[in-house]
Amino acid sequence: MNRHLLNYLGWRLLQSLVVITIVVIGSFMLLHLVPGDMVDVLGGQRGDMDAELMATLRTRYGLDQPMLVQLFNYVTGVLQGDLGYSFRNSNTVLSLVLQRLPATILLVVCSVAVAVFIGTLAGVFAARHVHRPIDVIISMVVLVFYATPVFMTGLGLVIIFSVKLKLLPVGGLITPGVDMTTLQLVGDVAQHLILPVLSLSLFYIAIYARLARASMLQVLNQDYIRTAYAKGLGTSHVIIGHALRNALLPVVTMVGLQIAELFGGAVLTETIFSLPGVGRLAYDSVFERDYPLILGVLLVCSFVIILVNLIIDLIYTLLDPRVEVSR
Amino acid sequence: MTPSASAPKGALLDVEGLSILIKDKRGDVRAVDDVSFSVAAGETLAIVGESGAGKSLTALALMRLLPKTLGVEAKRITLAGQDLTSPSELDIRKVRGSVMAMIFQDPLSALNPVLTVERQLVEAIRLHETISRTDARARALELLDMVRIPAASARLGEYPHRLSGGMRQRVMIAMALAGRPKLILADEPTTALDVTISGQILDLLKELQRDLGLGMLFITHDLHVVRSVAHRVAVMYSGRVVESGSVADVFERPRHPYTEGLIQARPHGSFVTDGHRLREIAGTVPVPAARPPGCAFEPRCVRAEADCRQVVPPLVREAGTPRSLACFHPLQQEQYA
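Residue numbers (UniProt numbering), protein chains in the order written: chain A, 1 to 327; chain B, 1 to 337.
Extracted from the complex, chain A is given alone in its bound form (with noise of 0.2 Å):
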């Protein structure tokens, strides 16, 4: 690590530091334009609150503030570590959130894995017969999955393996019940998991797939490649150590700029195959209006986010030399 990476990565930090005071401020506001609160939601499931009741707990959870007041509040609030509290769960906000994110960073982490090396390796395959059947046939496979969407793979996969082969679980992340060894736990989770990852990463596939196909037709165009050959390189030699890693910085600039969409993927995900995640909570809190576990969930989403970009450009200035880092 040299002084200039340093640097780079404390201005980063400061930058990151910028957006998701923004981002809490942002999303605190938008949330109080909606009208109705948590009290008016609790006392139109109880039926049986009074005003004077309602004007209480208001009162008690420092909802009759001004929004301002209340905003400084939640900043002080998230400064100390306190994200708030959740009175539909009856637990605080970082600890519901950090329950369930595991699940959803497992899920999105293998996704990305699975969709960046299924989709770069059929892309190169298809940029290497360019034009020829098996080109043709990657091309119209992966529009199939880019159209189809993600719901609906999820949902036809289970019918499929689970329903009827009964090969895999239907949903949740873990077989209930049943104790076992560390080894048994990873494959029970594994076992779990082929589904979500496959229903989530086919539609990226489709997109990396492209994105590498087009990438390695135009690197291997380059007159560095033909330098390569010029060596007396072999064509696996020329593809693997000269053309792949130029061919792969557009693909990891992609993963930076899809991470955040697929966190709202991995709503549907959860929803689908049951998946104790963060999506689904967020989906949850949104319709219990639970204001302070919204707010929570964008905020530690957004702090994951940010993290990722950090590392894929990190990842990005090992891989091309030429992005010198500054400030």
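Since the hints were derived computationally from the structure, they do not count as laboratory data.
Note that the structure is predicted; figures quoted are calculated from it, not measured.
Some hints could be false.
[As the list claims (entries may be wrong)] Derived lysine to aspartate or glutamate pairs resembling DMTMM-like cross-links, with alpha carbons at most 20 Å apart:
hint	chain 1	residue 1	chain 2	residue 2
1	B	Lys206	B	Asp222
2	B	Lys206	B	Glu188
3	B	Lys68	A	Asp135
4	B	Lys68	A	Asp223
5	B	Lys182	B	Glu142
Given the structure of chain A, go ahead and fit chain B onto it with the hints provided.
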């Protein structure tokens, strides 16, 4: 066709009847048409001509590095005693870099941007000899010294974009020398460089060629460059060789009207504006698909007569000289003074 400018015995590279075809459904077009030449060990042959004359294609065809849309046909190609008329993929791979190596025009785009100089050099070295990484690194340093890169060991860790244009071309040359080739194909190696650097690179190539006894096929459009590096020259026009011979001979006594035109079109090294326009050759080079049935230069030639329009003049060796000419009505030697 009469065998032309035929190889001196034991030529390093001997090419006879090389054609490059642009494959097309309506019939193939010959981008390079029946070209023959040879290069002896320790000799530099320059191929000179305008853009689109087929010079670079010829070099790429020898390395079999043409895009798949172009076909290569040849009566005979031999390189260092090996028949390369229609080599297998494996045969040509064994020859690339080790018997003949190529230097390209633009050293920035010809070097891989994401690999260090060391990676690219060591790769070339270890491809052609079984040698440890440490030894390969030492050899890489030696090569950089050979092409006179200062502070060579510091340069090994650099990426191409951190080097100057001249430095990049030196790295390119070092890479070409890595496999200890016998023949260097230099495709306009100084065109992308500025004048002073270009002079240094030419001097370097000349020296390396002489010291290592290399054969060199030097492709350029610059007559001054031909004069400074080459022993012999072949003038190409629209995919054909129209005249060849020793540089001094051809430049002092051009016999083909095109060669004469090229020499006349050259500025005379003076900044004095005496109101004279440089002489130009009227018209443009025909594209290969629209080449006239006779001599390709006929529409632009002041000496053209009826026979030039009907038959392609063959490249014929002049009796008792190392010169060849493809012209029915050449300039007489005494005519040019």
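Evaluation of the provided hints:
1. A distance of roughly 16 Å separates the Cα atoms of Lys206 of chain B and Asp222 of chain B; the hinted pair therefore holds under the 20 Å criterion.
2. Between Lys206 of chain B and Glu188 of chain B the alpha-carbon distance is near 14 Å, which keeps this suggested pair within the 20 Å criterion.
3. As the CA atoms of Lys68 of chain B and Asp135 of chain A are separated by approximately 17 Å, the hinted pair is consistent with the 20 Å bound.
4. Restraint check for Lys68 of chain B and Asp223 of chain A: the C-alpha separation of about 15 Å stays at or below 20 Å, so the hint holds.
5. Between the alpha carbons of Lys182 of chain B and Glu142 of chain B the distance comes to roughly 18 Å, so the proposed pair stays at or under 20 Å and holds.
In this structure, none of the earlier numbered hints is contradicted; all agree with it.
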